[in-house]
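Participant: One letter stands for each residue in the lines below.
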Amino acid sequence: MSGFARHITRSRLFWAVLFLATWVLSQFSFQIYKALDARWIIRFPKKYQLNFDVVVGDFMDWLVNTANFWLFTFRDMTRAIAWVIEIPYQFLRNLLIEGFQTGIGDTAVQIMPSLSWIAVIGIVIAIGQFARDWSLAALSGTCFLYLAVFGQWESAMITLASVLVAVPIGAIGGLLLGILAYRVHWVELLLRPILDLMQTVPVFAYLVPILILFGFGPVAALVATVIYAMPPMIRVTIVALKGVPKELLEAGRMMGATQRQMTWKVLVPSATPTLMVGANQVIMLTLNMVIIASMIGAGGLGFDVLASLRRLDIGGGIEAGLAIVVMAIALDRTSQAFSERRMMHARSGTFLNRHPWTSATLVIVVGTFLLGLLIPAVQTYPEVLTISTGTFWSSTMEWINVNFFDTLDALKTMLLKGVLLPVKKFFVGIPWLWGIFVTGLIAWRIAGWKLGVIAALMMAFIAASGLWGKAMVTLYLCGVSVFIAVLIGTPLGIWAAQKPKAGRVILAVMDTLQTLPSFVYLIPVVMLFRVGDFSAMIAVVLYALAPAVRYAAHGIREVPPQLLEAGRMAGCTPRQLLWRVKLPLAMPQLLLGLNQTIMLALSMLVITALVGTRDLGQEVYIALTKANAGQGIVAGLSVAFIAIIADRIVHALSDTQKQRLGL
Amino acid sequence: MNKPVILDCRHVWKLYGAGADALFNDGKTPDAETLAKASVIGAVRDVNVQIHQGEIFVIMGLSGSGKSTLVRCLSRLVEPTAGEIEFDGRDLLSASDAELIEIRRKKMGMVFQQFALMPHLTVLENVAFPLEIQGVDRATREASARKVIELVGLHGREEYYPRELSGGQQQRVGIARSLIVEPDLWFLDEPFSALDPLIRREMQDEFIRLQNMLKKTIVFITHDFDEAIRLADRIAVMKDGKIEQVATPEELVQNPATEYVADFTRHVARSKVVRAQSHMEPATSDSFAGDVAHDATIDSIADEVERADLPFRVIKDGKVIGQITARAVIDVLVGRS
Chain A
1 MSGFARHITR SRLFWAVLFL ATWVLSQFSF QIYKALDARW IIRFPKKYQL NFDVVVGDFM
61 DWLVNTANFW LFTFRDMTRA IAWVIEIPYQ FLRNLLIEGF QTGIGDTAVQ IMPSLSWIAV
121 IGIVIAIGQF ARDWSLAALS GTCFLYLAVF GQWESAMITL ASVLVAVPIG AIGGLLLGIL
181 AYRVHWVELL LRPILDLMQT VPVFAYLVPI LILFGFGPVA ALVATVIYAM PPMIRVTIVA
241 LKGVPKELLE AGRMMGATQR QMTWKVLVPS ATPTLMVGAN QVIMLTLNMV IIASMIGAGG
301 LGFDVLASLR RLDIGGGIEA GLAIVVMAIA LDRTSQAFSE RRMMHARSGT FLNRHPWTSA
361 TLVIVVGTFL LGLLIPAVQT YPEVLTISTG TFWSSTMEWI NVNFFDTLDA LKTMLLKGVL
421 LPVKKFFVGI PWLWGIFVTG LIAWRIAGWK LGVIAALMMA FIAASGLWGK AMVTLYLCGV
481 SVFIAVLIGT PLGIWAAQKP KAGRVILAVM DTLQTLPSFV YLIPVVMLFR VGDFSAMIAV
541 VLYALAPAVR YAAHGIREVP PQLLEAGRMA GCTPRQLLWR VKLPLAMPQL LLGLNQTIML
601 ALSMLVITAL VGTRDLGQEV YIALTKANAG QGIVAGLSVA FIAIIADRIV HALSDTQKQR
661 LGL
Chain B
1 MNKPVILDCR HVWKLYGAGA DALFNDGKTP DAETLAKASV IGAVRDVNVQ IHQGEIFVIM
61 GLSGSGKSTL VRCLSRLVEP TAGEIEFDGR DLLSASDAEL IEIRRKKMGM VFQQFALMPH
121 LTVLENVAFP LEIQGVDRAT REASARKVIE LVGLHGREEY YPRELSGGQQ QRVGIARSLI
181 VEPDLWFLDE PFSALDPLIR REMQDEFIRL QNMLKKTIVF ITHDFDEAIR LADRIAVMKD
241 GKIEQVATPE ELVQNPATEY VADFTRHVAR SKVVRAQSHM EPATSDSFAG DVAHDATIDS
301 IADEVERADL PFRVIKDGKV IGQITARAVI DVLVGRS
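Sequence order for the protein chains is A and B. Here the numbering used here is used: position 52 in the first sequence is 52, and no number is missing along the way. Here the numbering used here is used: position 65 in the second sequence is 65, and no number is missing along the way.
Check each hint, because a few of them may be wrong.
[Stated by the list, open to error] Below, computed lysine-lysine pairings styled on DSS-like, alpha-carbon distance capped at 30 Å:
no.: 1; chain 1: B; residue 1: K316; chain 2: B; residue 2: K215
no.: 2; chain 1: A; residue 1: K412; chain 2: B; residue 2: K216
no.: 3; chain 1: A; residue 1: K246; chain 2: B; residue 2: K316
no.: 4; chain 1: B; residue 1: K316; chain 2: A; residue 2: K265
no.: 5; chain 1: A; residue 1: K265; chain 2: B; residue 2: K107
The set of hints was computed from the structure by calculation and includes no laboratory data.
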């Protein structure tokens, strides 16, 4: 007994009592409400509910209909933005798919065809070779060839056109804002909370206002994409510029560089490798968003997936999904190669000698253009030669469902009954008032009273917006998914760190998983498990697995070798070495991985609303279909608040661990 | 010292911490106690130095002594909290941004501890960079750059990128870059500290060779006392932001002003610092074994003088100013005073 008592430190007692109290209240909230006849215990009273969504809705109305900046209306401004985006987008569409025409409708005359499929693949190959080597060129060339052969060319080119418009705007805009934030301190102070919020507000939430401002169509989709993809570039730019060695800046100043020279001749060029990492992120986020934004009219591969999902056309969905995967891989590897590319020695000689790739590409472009006038197959990949895998996938899925339905269903039922439903019951049962109090208490205990107050206020906002129930469903789905992702991911990461061979494979798979647009994950899950919480959970786990693995591997690898030697010399078995030395030291990294996992899970959760969850994501999705900006923003903010609370708490945990370890 | 003063630095302070400026409001200078009370850190405290044309002025101090901050105050990379700095007859601290840019473009050069080369530029482009900043056209600046590269012995590596060079070679690029504008005042901030001992020695020799050709006015920062003694015309020893002593290497070794300076000089081989004129006596002998220069170190003449039976004449400006005996040389060598 005394030994037991010694184990219960005050801290453990605190958590145990807190959990017990919450559990009891959650179990019996309904009975308490009946006994006291106080319905407010389980439901936030309607008459005190905040009408924030109405306020936002009215504001949007005002913006669209009456807002006026002396010389021009808000409407004019959105039209101007639309126009700026529309022109390059239309040009690229013409260049890649439609060809250039004069006249409208029936009188349209084609004056120039689009780039032939061979020319596009040629350009892709040349870029790959230029960025790294022949193997990259072969990889990305094959990827694009796949798109042609498997009949995804047109949709893929529409998606590519969107990406090619959004990436420069996002990357350059992000770079400029980042530079401004680096140079002007208050800009950084102003941007930081906005960036934090942008990163946590689910993408669907700002699709709604954009839909209202720009209308349904590619332009709205591109605006949303740019807004989504720019924040990481701003962040990376600030970090990259701050990372430029101080001496380099002093050297610049001692040479008498002006502000402008300092920025463009010293800072930006020497930060280029890191900036390219940011550009890679912009490209991948752009692709992700262009797919999602098919909901507000982006078209392309994303639209194909969405349409197939709605029709439950299994084959079509997988075909389009695979095309997205292939394109993501090509874009990711190529842009990554650019970020790792080092300055090369310039070639000398004639134009042909100095620019062999540009020249070769020009030859292909012009050559296929001329040939294409004679032979249509050169211009457009012949339809008879396309291979459709749709029926193959449909029948495969059918076969799986016929033969493994019972197994899959049993697995689903078991997890649902054993894990998901009890956890759901626990979270949903928590009375809102107690929930607010407990969140504040946890945040206070771990990260100090400031966060405690903020967390409680944020939860109160959610409750007062009438979203408590849905928020609890979000919490439960996120919690279970993150738990499972960490349960699978951490051992995988440890394995990857300890066995280099396995590690290379695991980390390569994780890298690829992370480059896939979130939409893609829904396809196989829906095919196998239909709609519902279980499908959502699986999709979230798949999407959020990568950071858990990566950070675990990183944390274990970073353990100083002398400590491992010390452990071994003290006679640790490999098992002891792992549990007593490596894991404790890797704890801060594991926690950061947990944090990333939570963030990704929350962002994915909103997208899984498409497969029928009843959480905040659904609320946002409903708002999107009804074009109700207020509802969408309030629900989006609620998700963001949950994300912010989780992020701060986990960061505080990680910091405490780091301090304890003296790192 | 009869050469003109190029850089005159009077009562320069650099304090870090909130409310540092307020300490000077009443016109008085704060003491250590006031600083501690205001929880302000005194990185540079009441420093006075005059740097003369053509001399190598070494600022020596351990890490945290404020030597790097001081040199940054002198070049105004860091804004001093108080004091006056006069460069080439003009008040450096009141210079506008535009004037400062002009001064740095034409009159100052600086070499950095970690080389501070632009990673995206070749050796040639790096060296030509200061001229590029000034808007000099490509052909002219590259021609000048090639000359300086030749001077520092990197001929043939013009097209290399910094990452393809060794540390010593990278610092040669750094030196070439700082010399291309032919600065009047040359700052070197621990230029050889990041190099291996053998390379460091080689670079010191290289530096001496260059200085014999160029005769620049130099402010050289180091934490290495041996390096200071080897290169300096005069040394300023710094501790806790204050200058403990400014003197020639010989004076420093002969008469350390404080216990702190003595700690450094104690282990220095005196024969390498002390010069013939300090240990000569009036020329009384009738015949001599030979002549030595008045400023030759004992170390360099020891072998010769010790072997001879007769004393040597000490010559300055062609005149005999005394004699030095084998006994005097041995005294220095064995540390008898």
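Participant: For the pair supplied as a hint, B:K316 and B:K215, is the alpha-carbon distance within the 30 Å limit?
Facilitator: With Cα atoms ~22 Å apart, B:K316 and B:K215 stay inside 30 Å; holds.
Participant: Holds or violated: are the alpha carbons of A:K412 and B:K216 at most 30 Å from each other?
Facilitator: violated, 82 Å
Participant: Tell me if the straight-line CA distance from A:K246 to B:K316 falls inside 30 Å.
Facilitator: It is violated: about 48 Å lies between the C-alpha atoms, which goes past 30 Å.
Participant: Is the hinted pair B:K316 and A:K265 satisfied, with a Cα-Cα distance of at most 30 Å?
Facilitator: Status violated; Cα separation ~53 Å.
Participant: Has the given pair, A:K265 with B:K107, been kept, meaning a C-alpha gap of at most 30 Å?
Facilitator: Status holds; Cα separation ~21 Å.
Of the numbered hints stated above, those contradicted by the structure are hints 2, 3, 4, listed in ascending order.
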